[in-house]
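2 protein chains.
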Amino acid sequence: MNFSEKLKDYTTKINKALLLAAEQFPKNNIVSEAMAYSLLAGGKRIRPVIAVAVAESLGGDVDEALCYGCALEMIHTYSLIHDDLPCMDNDTLRRGIPTCHVKYGEAYALLAGDGLLTYAFEYITKNAKDKARAFDFMAYLSSMAGIGGMVGGQTDDIGAEKVKVGIDALKSIHARKTGALINAAGAAGAIAAGKDASFAEGYTKSLGMAFQIKDDILDVEGDAEKMGKTLMKDMNSEKSTFVTLLGLDEAKAQLDAETKKAIEACEIFGTRKDFCISLAKAMLEREN
Amino acid sequence: MNFSEKLKDYTTKINKALLLAAEQFPKNNIVSEAMAYSLLAGGKRIRPVIAVAVAESLGGDVDEALCYGCALEMIHTYSLIHDDLPCMDNDTLRRGIPTCHVKYGEAYALLAGDGLLTYAFEYITKNAKDKARAFDFMAYLSSMAGIGGMVGGQTDDIGAEKVKVGIDALKSIHARKTGALINAAGAAGAIAAGKDASFAEGYTKSLGMAFQIKDDILDVEGDAEKMGKTLMKDMNSEKSTFVTLLGLDEAKAQLDAETKKAIEACEIFGTRKDFCISLAKAMLEREN
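Just so you know, the sequences run in chain order A and B. Be aware that the first sequence starts at 24, since it is given in my numbering, and climbs by one per residue. Be aware that the second sequence starts at 24, since it is given in my numbering, and climbs by one per residue.
Don't read these hints as lab results, they were simulated from the structure. The beta-carbon is built from N, C-alpha and C at its ideal position, and this holds for glycine as well. Be careful, since some hints might not be right.
As the list claims (entries may be wrong) - Which bits of chain A does chain B cover? Going by a derived footprint, with three or more residues having C-beta under 8 Å, they are:
1) 131–138
2) 143–156
3) 218–224
4) 232–245
Work out the full structure: start from the sequences and follow the hints.
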C-alpha cells in the first residue's frame, strides 16, 4: 500500500472503532446522542492515526494503539465541544455542521463534553488488553490532557486574547493546547510497542508544533468550505498567532523547519519509518 | 475513639491530602487557582470518608482508599462547578462562598471542572501503590462518573425539569446522579481491601438514596446558613423531588427505611461495622 491507501485504511479502521464505541453509549439519552453526534462528525482523526502509525512503525500491537487512539479522539472531541461553547470561542460551525451546543443546547453540550472525557478512561479500561500498559498510558494521557497539558494551554490561550504575547509564550501555549495530545498519541503507539511513553516525543513534538503553525496559516489562506469552519477568526480578533506574530513568510519557514525536524526524528522507526515521514509531509501540505 | 472523633480524624486526613494535591497543581495558572478554590472550599467530604471507612472496616489499606477517595472528591467538585454554571443551575453560592464561575468567570470555571475531572485520574496514577487495583478502581470510577452513571443522571435530571416524573424515574435519576459516586466510594474501600468493586454496594446504594432524600428534605426544612446555599430552590422551581412527589411525611418515612437498609447491610463489615452504622445514622440526622 502507498501512503494515501494506508492512511485511508487506518482512518477507516478508526472510524469503525469509534462507531462501535458510540453504539455502546446508553440508549434513550439525549447526551449519549450529543456525544455520538460530535464524535462521529468526522475530522482527520490525526491523533489515532499517529497512535496506530507509531505502534506499527515500532512493530507494536496495533489494536492496543487503536484502543488508546480512540480514547484520545474522545478527549480531543470533548475539548472541541467545550471550546465551542458561548463562554469560550462561541463557534457555531465545526467540521461543516452545527456545533454541539447549537444542535443540543448548552447544558447538554457541556455534559456531552464531560461524558466524552470520562468515557475516554472507561473505554480504555473496557478495551485494553494489558492492564499494566493501559495504566501507564492513562498516567501519561491524564497528565497531557489536564491542567499541566491541554487544559493549562487552553487557560493561557484565553489569557493571550487579552494581552499580546511573545513567540516563546505562544509556542508554550501550543505545546500544551495542541501538542500535549499529539504527544499522547505518540505515547499510545510507543506503549503499545512496549516502549516508554516518551519514546516518540522527538517526532510528535515537532509534528504538533507544525500542526499548529499550519492551522494558523490555514486560518488566513484556507478555504472555508474545505475547513468546515469560520476562517479569519483569529486574524479578525487580533489574537496572537504564528502568522500575526511572525508574518506569513516566517510562519511558513518555521513550518518547514518543524516538519524537517519531525522527519529527522523518524530515524527511531528504523526500516519502518516511511509512513511517519509521509504523515509529517502530508500535515505540511494539508488543505484542512 | 468514638464516632465523631473518628469522623473528625478521617476528615482531617482527607483535607490534608487534598491540600497536598492542590499544591501540586501548576503554579501561575488561573485555572489551577480556580481548581484549588473549589476543591478546598470545604464540604462534608462524604465520598472520601466512605472510601476510607469501608477500607478500614474491611481491614484494607486505608492509604490506598484515601488516594481513591481524594480522586472521587475531585470528580464530585468538578460536577458541582459545572452544575453551578449559568447554562445549568446558575447558582451563585456554594459551601457558603461564591461559586467558581462567580469568582473566576465562566470560561475559567468550565476549564477548572475539566481540569479536576482529568486530575482525578492523574492523581490516582501518580499516587496509587498497586497498579492492578488502581486500574480496577479507574474502571469502576469512570463507569460510575460517566454517561452510564453521574453524567447520565444529570442529563435525565435536566429532562425532569421540563416534564413531571414519577417516583421510580426520580429514584433512577438519583441512583445515578448522586448514588453512582457514593457507590464508587464504597468500591474504593472494597478494592483497597482486596474485594470486588461491588462488595459494599448493598451499603452504599441505600446510603446514597438516603443521602438524596435527606437533601430534598433539607431543601425545605434546612437552615440556609448551615447549608451554605440557597434553599427552597427546587420547591420554587416546581422540580420533582422526593418531597414534592411523596410529601414531607412519606419522604421522611422512606429516609428512615433506606437508613435501616444501609445499617442492615453493615453485616458485611463483621466486627468492625460500628463506624459505618454510625455514619448511616449521622447522614439521617445531618443539618447540612
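Against the structure, the hints:
no. : hint    : verdict
1   : 131–138 : holds (count 6)
2   : 143–156 : holds (count 6)
3   : 218–224 : violated (count 0)
4   : 232–245 : violated (count 0)
Violated hints for the displayed structure, listed by number in ascending order: 3 and 4.
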